[in-house]
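Peer 1: If you want the building blocks of each chain, they are given just below.
There are 2 protein chains.
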Amino acid sequence: MKVSSERFLRDLHELRSFGASGIGKGVVRPAFSDADIAARKWLVGRFTDAGLTPAVDAMGNVFGLADGPSLLMGSHSDSQPEGGWLDGALGVIAALEVARVAKETGGPAISVVSFQDEEGRFGGLTGSSVWSGYSDLAEVDAVADYDGVTLKDARSGIADMVTGEIDPGQFKGFVELHIEQGLTLDAADEQIGVVTEIVGTREIPITFTGQQNHAGTTQMHLRRDAFQGVSAFNTLLNERLRNVVTPTTVWTIGHVALHPNASSIVPGKASFSMQWRDGDAERLRRIEQIVRDTAEEVAEARGLTVYFGPMWELEPTAMDARLRGALERGAEAVAPGRWRRMPSGALHDATNVARLMPVAMLFVPSIGGISHAFEEDTDEADLVAGLQVLAEAVTALND
Amino acid sequence: MKVSSERFLRDLHELRSFGASGIGKGVVRPAFSDADIAARKWLVGRFTDAGLTPAVDAMGNVFGLADGPSLLMGSHSDSQPEGGWLDGALGVIAALEVARVAKETGGPAISVVSFQDEEGRFGGLTGSSVWSGYSDLAEVDAVADYDGVTLKDARSGIADMVTGEIDPGQFKGFVELHIEQGLTLDAADEQIGVVTEIVGTREIPITFTGQQNHAGTTQMHLRRDAFQGVSAFNTLLNERLRNVVTPTTVWTIGHVALHPNASSIVPGKASFSMQWRDGDAERLRRIEQIVRDTAEEVAEARGLTVYFGPMWELEPTAMDARLRGALERGAEAVAPGRWRRMPSGALHDATNVARLMPVAMLFVPSIGGISHAFEEDTDEADLVAGLQVLAEAVTALND
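Protein chains in written order, with full-length UniProt numbering: chain A, 1 to 399; chain B, 1 to 399.
Treat the hints as calculated values from the structure; they're not laboratory data. Treat the hints loosely; a few may be bogus.
[Unchecked claim] If you anchor each label on the Cβ, the simulated ranges turn out as follows:
#, chain 1, residue 1, chain 2, residue 2, range
1, A, L222, B, T53, 35 to 45 Å
2, B, G22, A, L314, 41 to 51 Å
3, A, G124, B, E315, 12 to 22 Å
4, A, G309, B, H221, 26 to 36 Å
5, B, S156, A, D293, 55 to 65 Å
[Stated by the list, open to error] Here chain B is said to cover these stretches of chain A; the calculated rule only asks that three of the stretch's residues, wherever they fall, bring their Cβ under 8 Å from a Cβ of chain B:
#, segment
6, 14-26
7, 39-53
8, 155-164
9, 253-263
10, 351-359
11, 362-375
Glycine included, C-beta positions come from ideal geometry on N, C-alpha and C.
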């Protein structure tokens, strides 16, 4: 099946004209913005031109349907408030090109999707979450963005596009191409990453409480300094995790809030986020134990109390062996020796779709690992390589 | 000279009726609030009744002047937004009682002062800063509080009280009694602390800048995490200071701000306050070198850049040997074996007054080390001990 890299790149660049930031190739196309809705209308036209049947559900997920049972491919075309041109758009346009060629050449039945609000104006992966039945639209409708606009209000902007519900039963599986959004492929000068699993995430808000005091009059040995607790916890945790983690395990303290957060006051309270991700559920559990034990030990040793908030849990999502195998063979054909198997550290729509059907994912490099920024980019040769792997895989899956 | 502990305590309790919080003995009496102005008017009356000549300068500092050259005593009667009943009020009322008895008994000439805005609604130690000539009233007039009210606006509330400038040349020295606001005396079950010096302070805002990244897709060895920089700096600094500091040296990271401060994003920037205090200027300088070297080493090792903001410097203020000696002999007479020499870790009006004349300070214990809170308190026996030491000292100084 011979895809057209020219047509693919032309569509990809045309899509970035919707919400073009004027800075590099960046786009400003958050879910339900005028630019996002215009892009979705343009997609409906492109799907129609490709011989697919356009369909839009109440959430604003836009499908281009092949006749009968089909393989679903795609990603999302909404962007971060300051986003890159590729992110989810790449997966949608690559799917469009593969589906179009398949239609033109009598190839396999390929349907295309652009999920809505993957970037989380109203939560996170909102469109695929609702479509997969994980979230209830009536409930999510009440969620408001930072400006107080609810999803229900925002959805009124696409009311004229909605055709009805799209039955997941018609799809045999889902394949999503995406940029890596990390440095692994770029640093290794590789073109393709075949995703083994989307890693699971755990996150616990932790608060140390000590004694707020005057920073001039309180001697060091009498202090119960909550920030010192965070620092000691962090240092000890880094040491202890060393023997438990793999090179792909990640852990992050990204949010810290001291109280009263004043230079002349010994912090009486320090709240922070403790997040970790790994592809193995058992390792996630072992790390949780170390996090809790370490925080309790540090609190005990320093006269602090420790409070653990509710843990946010997201299980690892395994990729389907058959779909993944087809992608691996495609990768070896297109980029021999220049591809790898790797976990996805980021969440993707495939996480939600996996509730309904077999899924697989493919990565192409992000230059400098940069994403969610106007500077986000990928070598066009790598974009085309990703497209070609998809085409190889769907052909093989159809054999 | 026989002071009256009953009259002293009655005045002290009456003063706390101005702005009484209704929670414990707490007061809400920030500078230029209705309660503060009412309290200052009450002080003018008390000074008059004591045979002193009341005088109020444009800043709202309220004096009760003895005739001719005199020793000045006092502190401040404004409070924190949620303050304790003693803080500066103790020093003002103790000075009033000593001056009153001196007047009644033909003792030494004692003048009394309540400085305005020690607690810093418009800066910090504002009243004594302006009176000592360290700050220019016209400049400070433009400073606004958190609600946008300028000092100039606030001062209009006391315009009818102002009598004119008060010449510092009439005072032979300044003695300030204050609560310790720390745990040292309370923990040692001692009644009196004679201040050796008001410690110097250094504070540098420090910023580590790394690379903001996705907390799921950025492998640990590729991260340049600014929060990890702060934690590593803190750990290393604590180790290195161990051989440099004395038991009274203190250092604090009280303010931390991460950017973007989100649980799923590797912090790209971390700004924090690094403050240290010590009575010895040379030690302050050595610590500064260690702070700067350590931050630079940590930045270098972790691929971060480090930025040092302008350093805030306040030199240590030595207490006058003669005044301090009189307080020490008074302490030994009133509380034999239950007093100590100690530095003041907090700033006080005496720091500013020292620009004009010899100064000395006396502490009484703070129960549990608590201050700047409604719970602030001191055993009444200790309050009276402080009053008696002042009386002993002024008598001795007059001999």
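Peer 1: Against each hint, give a clear statement of whether it holds in the structure.
Peer 2: Hints and how they fare:
1. A:L222 - B:T53: 35 to 45 Å: Holds: the Cβ-Cβ distance is about 44 Å, inside 35 to 45 Å.
2. B:G22 - A:L314: 41 to 51 Å: 49 Å, holds
3. A:G124 - B:E315: 12 to 22 Å: 53 Å, violated
4. A:G309 - B:H221: 26 to 36 Å: 29 Å, holds
5. B:S156 - A:D293: 55 to 65 Å: 60 Å, holds
6. 14-26: violated (count 0)
7. 39-53: violated (count 0)
8. 155-164: violated (count 0)
9. 253-263: holds (count 9)
10. 351-359: violated (count 0)
11. 362-375: With 3 residues in contact (Cβ-Cβ under 8 Å with chain B), the coverage given for the segment 362-375 of chain A holds.
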